[in-house]
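S.K.: One-letter residues, chain by chain:
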Amino acid sequence: MEIPVKELVTAASVDNLETVTEFVDEQLEAADCPMNIQLQVELAVEEIFVNIASYAYAPGTGNATVRVGVSGEPATAEITFMDSGVQYDPLAKDDPDVNLPASERDIGGLGIFLTKKNMDEVAYEYRDGMNVFTMKKILTEQR
Amino acid sequence: MTINKTTNGKEVIIGVSGRIDSKTAPEFESQVKECFAEADSIVIDLADVNYISSAGLRVFLAAHKAMDAKKGMKVKNVCKEVMNIFVVTGFSGVLDIE
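Chains A and B, in that order, give the protein sequences. Start counting the first sequence at 1; every next residue gets the next number (the numbering used here). Start counting the second sequence at 1; every next residue gets the next number (the numbering used here).
Do not rely on the hints blindly, as some may be mistaken.
What the hints assert, rightly or not - Mimicking PhoX-like on lysine-lysine, the simulated pairs with C-alpha atoms at most 25 Å apart in a straight line are:
#, chain 1, residue 1, chain 2, residue 2
1, A, 136, B, 5
2, B, 23, A, 116
3, B, 76, B, 5
Just so you know, these hints were derived from the structure itself, not from any lab.
Turn these sequences into a full structure, and let the hints guide you.
M.R.: And the structure:
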């Protein structure tokens with residue numbers, strides 16, 4: 001399976017969330033990705049893109065670059081997000097305690113936690129003044 | 001996302017269809033909050049929802065807490081994909097899911 005890498009550059013704004021998810025979906029559909037896996041990937045894409053849109057350039061604005069390709073056997077999607085905003089490693093934070101009762105729960109950190117849980121691999125690096133967040137997902141049902 | 005509210009005495013049933021994501025969550029939140037004053041209990045019907053992101057989860061948690069002081073909030077007709085999100089985040093142990 002080989003779907004060549006495509007790139008989208010867009011203003012990092014929540015208004016462009018649909019543009020980004022549609023761009024990623026197109027690539028996944030080309031790889032015959034099952035619907036439930038596509039939804040898991042979409043969730044991670046939303047969490048990461050919205051993070052960039054909310055914090056990377058605040059209070060200013062800037063661009064986000066999204067790259068998506070599929071390769072290997074089993075078919076694996078690799079999605080990379082890049083921005084030149086403030087240096088920030090979303091993986092540095094501890095996972096939220098998901099066993100706490102409602103009254104003690106804080107609502108932060110869930111987005112990145114969902115991303116980790118729904119993807120097979122996530123990695124962050126700061127390279128040449130860019131935040132580079134890469135995530136991988138195997139596009140077949142895991143037994 | 002569209003929202004359809006029906007009232008049954010002091011219970012408000014909020015039927016949602018579509019996606020509860022970062023773009024639609026603010027609208028979902030304001031619709032849910034509107035019910036806090038008048039309702040004793042809230043039922044959120046997710047029959048036509050197959051996608052909830054963390055922005056949506058925040059609204060569920062806030063609403064659950066707000067209604068806890070009254071007769072509570074129930075969530076019903078949760079599909080497999082959404083249930084999976086609730087389980088992974090521990091929300092399945094917090095929310096009252098029918």
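S.K.: Indicate, hint by hint, whether the structure satisfies it.
M.R.: Now the hints, each set against the structure:
1. A/136 x B/5: 40 Å, violated
2. B/23 x A/116: 22 Å, holds
3. B/76 x B/5: Holds, because 14 Å separates the two Cα atoms, which is no more than 25 Å.
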